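**Q** Given two chains presented individually in distinct reference frames, assemble the corresponding complex, making use of the accompanying hints.
Listed here are the chains, written in short residue letters.
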Amino acid sequence: MLPYTAEILAALAAQLNGALWPLHLGLLLLTALAVLHAWRPVSGGDRAIGILLACGWGWVAWIWFWRGMAPLDFLAPIYAGLFVLQAVLLLAFALAGRLAFRLHEAAFPMLGLGLLALAAVGLPLFGFLTGRSLSQLEVIWLAPTPSAVATLGLLFLVHQPPRILFAVPCAWALIGGALAWTLGMPAPLLGSVALLAGGGLAVLRR
Amino acid sequence: MTIVRATFDRRAFLAVTAAAGSLATLGLPARSAPAAVGMRPIPSSGEPIPVVGMGTWITFNVGGDAELRNQRAEVMRRFFALGGGMIDSSPMYGSSEAVIGYGLERLQGQGVGTDGLFSATKVWTRMFANGQEQMAESRRLWGVRRFDLMQIHNLVDWETHLPALKADREAGRIRYLGITTSHGRRHQEFADLMAREPLDFVQFTYNILDREAERRLLPLAADRGQAVIVNRPFRTGGLFDRFAGYPLPDFAAEIGAETWAQFLLKFVLAHPAVTCVIPATRRVDHVEENMRAMDGPLPDAYLRRRMIAYVESL
Numbered sequence: 001m002l003p004y005t006a007e008i009l010a011a012l013a014a015q016l017n018g019a020l021w022p023l024h025l026g027l028l029l030l031t032a033l034a035v036l037h038a039w040r041p042v043s044g045g046d047r048a049i050g051i052l053l054a055c056g057w058g059w060v061a062w063i064w065f066w067r068g069m070a071p072l073d074f075l076a077p078i079y080a081g082l083f084v085l086q087a088v089l090l091l092a093f094a095l096a097g098r099l100a101f102r103l104h105e106a107a108f109p110m111l112g113l114g115l116l117a118l119a120a121v122g123l124p125l126f127g128f129l130t131g132r133s134l135s136q137l138e139v140i141w142l143a144p145t146p147s148a149v150a151t152l153g154l155l156f157l158v159h160q161p162p163r164i165l166f167a168v169p170c171a172w173a174l175i176g177g178a179l180a181w182t183l184g185m186p187a188p189l190l191g192s193v194a195l196l197a198g199g200g201l202a203v204l205r206r
Numbered sequence: 001m002t003i004v005r006a007t008f009d010r011r012a013f014l015a016v017t018a019a020a021g022s023l024a025t026l027g028l029p030a031r032s033a034p035a036a037v038g039m040r041p042i043p044s045s046g047e048p049i050p051v052v053g054m055g056t057w058i059t060f061n062v063g064g065d066a067e068l069r070n071q072r073a074e075v076m077r078r079f080f081a082l083g084g085g086m087i088d089s090s091p092m093y094g095s096s097e098a099v100i101g102y103g104l105e106r107l108q109g110q111g112v113g114t115d116g117l118f119s120a121t122k123v124w125t126r127m128f129a130n131g132q133e134q135m136a137e138s139r140r141l142w143g144v145r146r147f148d149l150m151q152i153h154n155l156v157d158w159e160t161h162l163p164a165l166k167a168d169r170e171a172g173r174i175r176y177l178g179i180t181t182s183h184g185r186r187h188q189e190f191a192d193l194m195a196r197e198p199l200d201f202v203q204f205t206y207n208i209l210d211r212e213a214e215r216r217l218l219p220l221a222a223d224r225g226q227a228v229i230v231n232r233p234f235r236t237g238g239l240f241d242r243f244a245g246y247p248l249p250d251f252a253a254e255i256g257a258e259t260w261a262q263f264l265l266k267f268v269l270a271h272p273a274v275t276c277v278i279p280a281t282r283r284v285d286h287v288e289e290n291m292r293a294m295d296g297p298l299p300d301a302y303l304r305r306r307m308i309a310y311v312e313s314l
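So the sequences go chain by chain: U and L.
The numbering used here applies: residue 1 is where the first sequence begins, and numbers increase by one.
The numbering used here applies: residue 1 is where the second sequence begins, and numbers increase by one.
If we strip away everything but chain L, and leave its shape as in the complex, we get (with noise of 0.2 Å):
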């Protein structure tokens, strides 16, 4: 399994140039900047987007504080410096989606190209809100006029956001659709949602731990030609903390593994149903580790058995 580099569209072609634009406002060579990054297609379009993309779980949740709000822009800078694309949050995410309005407004004030931006979020209701209110006050956070994604988190009454995102799409208010869990819940309800709606995402949990999703709902994703987002690839940093102690195994620099992000972020990549994976992070060099995630070849079937064996050892 390998990534596809250098696939050119005018979204990928803008997302470079974008890239290489930012690098020359940093002050750093245009010839750091990418010659294109990792993408794969979107089963439903072929539209190609970049294979790493970035979560704002917690890390994105941080109120009304400038200097925090700050630090996260120049996340973002640095993101799509390095042909970043997908970012991905939910109403659910406390003040996230305001936080990446934020960064937005100040990269395109400060002449950053954001076009390389796949903007995708979620509706989550809970009592009485109503999802078509929730997702107008997400595109005023973010400050988009469409969400290329809109997914239903949680699968949190689906019965009703389901038929709106479909007349949505249709009528070009949203380009992809979309469903997500995570944390390993309701996988049966999930996975019949997946056998039998039009969905062009489906977002869940997979890490090398987890793997659950290796049973049934990436083969089903491959299947029925749905694109696949993964979250938690670090289980929320919880798998850092489980090895840190430990060195990476001998095999890792086959791969190109420099760290034990890049480790984990190329097992989750090497699956062959995988499209994008969204590692969430508050730090500039965190990002630039998990960029580096799309260099170098990934793992076969035989090492990806070797990297669980090994992991598990430990």
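Just chain U, with the same shape it has in the complex (with noise of 0.2 Å):
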């Protein structure tokens, strides 16, 4: 039995959302940055993407869990914790030169590629198709389970990417995925399984 219902996890979002717009541009502008370097890419660029991807997690573990849902759920700071972990491993992985974003090289890059469109598009949509008004969505760089997408996306555009960077977004993915079925939030919980899948995909991948 969790302490909030849906309906406070969308005013949560609406209040994060009517605060930080519109840096929500700006994320997504840096995402699309981060698809083009793997297509093209430039001297230093991986390290910067791994790096802000890192700030990203960091990010979400503050805004979301620690100032948003801390004072709604006794739980919120061990699911920050979570994304801090996540944070510190890319940017290890980021410094030691170990993410090397390539689109031609990458295993699955046009299942990355779906991902990001999933976590950037699709998930909103969905969450608008299903009840949520616009400034209740929840997006990516803000809310964790289109985060956690978002960043699976990226790291099937990686060259071998290490498998333990997937460890924790499929954790959240068990995790957010009983949260949104509990809740009856049919938008994370769509991300939840995807988050699952392509997890999945890559850890069983040889």
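Since the hints were made in silico from the structure, they are not lab data.
The structure presented is a predicted model; accordingly, all values stated were derived computationally and were not measured.
Ideal placement from N, C-alpha and C gives every residue a C-beta, glycine not left out.
Misleading hints may appear alongside valid ones.
As the list claims (entries may be wrong) - Here are the in silico distance ranges between beta carbons for each label pair:
hint : chain 1 : residue 1 : chain 2 : residue 2 : range
1    : L       : R305      : U       : L75       : 39 to 47 Å
2    : U       : I51       : L       : L209      : 51 to 59 Å
3    : L       : E74       : U       : I51       : 43 to 51 Å
4    : L       : S44       : U       : V193      : 48 to 56 Å
5    : L       : L209      : U       : V193      : 32 to 40 Å
Said to hold, decoys possible - Now the stretches of chain L that chain U is said to cover, found in silico as 3 or more residues with beta-carbon under 8 Å:
hint : stretch
6    : 83-94
7    : 301-312
**A** In structure tokens:
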């Protein structure tokens, strides 16, 4: 039994969206630039994208879980810790030069692009079609599930991505999926299913 | 079993006059105010409290959203206007305590009487949290000098908290102390504490389908002179989902139950060991519905059996 309802999460998303708009556009632009780099790599781009990705997870940990959810749910700091862990992992691999975003060398580039499209457009659209207002949509780099899906998409553009980087998104798929199921929220549930499917493919692939 | 009505002491008088005052503020005729509310005494002191209180689990956890906070303040306004008293919360309920404090401040700022408030919350410590600091924070969030009732939430770390709460009660820092559980958890340990500790209140789950408390906890509370607060009278709304498509039985009219909420609350209140029931809601019309459960007769033992048989047949 959760101590809040889907209505409260919608209100939280609306608060954050209202307070941070038009930051959304900048975050979307950065994501698009990351894809562009994977297509036409530039010097230093891999490291920059990895660091920005780490910052994205740290940002979601802070803005969504710590600032937004912690007053509502005593488990939120634990979820925040999970996101910080992923941020640290991404940062470590980025600094070690282990993240090479290469569209043409990745194993599942179309899957990666598909997941990115799902995170950036599909999930908000599905949220809108299933009852959320525009101001209440959960978007990438603010809400956890779209951010995790987008990260998975970017990791699928990496040449031989470290498997450990799929662990936290998969863990969040289970947690976020359970929360979405309990609260009856279709969009985050769809995102969690996509995360599990994508993460499972990445982990099982030899 | 009937509810004692028109039992006036200072607190009850204040509650009723405050209710009449708030109705006047709302532009409603004063004669709409209840002459008195359904009261039952707290066994350890004899102080009467309204039999229908208000829980805040989930419903008041709305965070910082101003519109939702104001909606909950309206729920509280109506609750007090109809003679409500006990509001129950917990630090575990997210932002609920802050939202209650917001509502109280807002109502007081508008001149709405909240003197009838019987403030009940809990101490719930996890990991390295300090109980005294948490209770101080709860007082700050509610905006109260002291709580009427402090309870140990789900018996968490009761070995630490119980001696501290006894000392607080002795020193007048709280008026009553109690313990809580829900979902039927830890009933054996709960009963052991009831049997040996000087508790004023106990809180547990009891409703028309979850009647385990009838076997031991309710008789024990009556025997030990402990007030009983019943939580989850609707199974957090689950009973409405379950009975939604079915009509009330004809005999519901005999107890003046016009809705499922009143039917279910009257079932709980008819148990002689129950002092107060705390349905949670986020809607003003539901508060009105709940508070009307204090009106009219309560079912006798025969009718309660019929109520059980009816809902179990659905």
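**Q** Could you run down the list of hints and mark each one as holding or not?
**A** The hints, checked one at a time:
1. The hinted window of 39 to 47 Å between R305 (chain L) and L75 (chain U) holds, with their beta carbons roughly 42 Å apart.
2. Against the hinted window of 51 to 59 Å, the Cβ-Cβ separation of I51 (chain U) and L209 (chain L) comes to about 55 Å, which satisfies the hint.
3. Between E74 (chain L) and I51 (chain U) the C-beta distance comes to about 48 Å, which sits within the given range of 43 to 51 Å.
4. Under the hint 48 to 56 Å, the C-beta atoms of S44 (chain L) and V193 (chain U), about 54 Å apart, fit the expected range.
5. Evaluation of the 32 to 40 Å hint for L209 (chain L) and V193 (chain U) yields a pass: the beta carbon distance comes to about 34 Å.
6. Restraint check on the stretch 83-94 of chain L versus chain U: 3 residues with Cβ-Cβ distances below 8 Å, three needed, restraint holds.
7. For the stretch 301-312 of chain L, the proposed coverage by chain U is not satisfied: 0 residues have a C-beta within less than 8 Å of a C-beta in that chain, short of the threshold of three.
The structure is inconsistent with hint 7 alone, although it conforms to all the rest.
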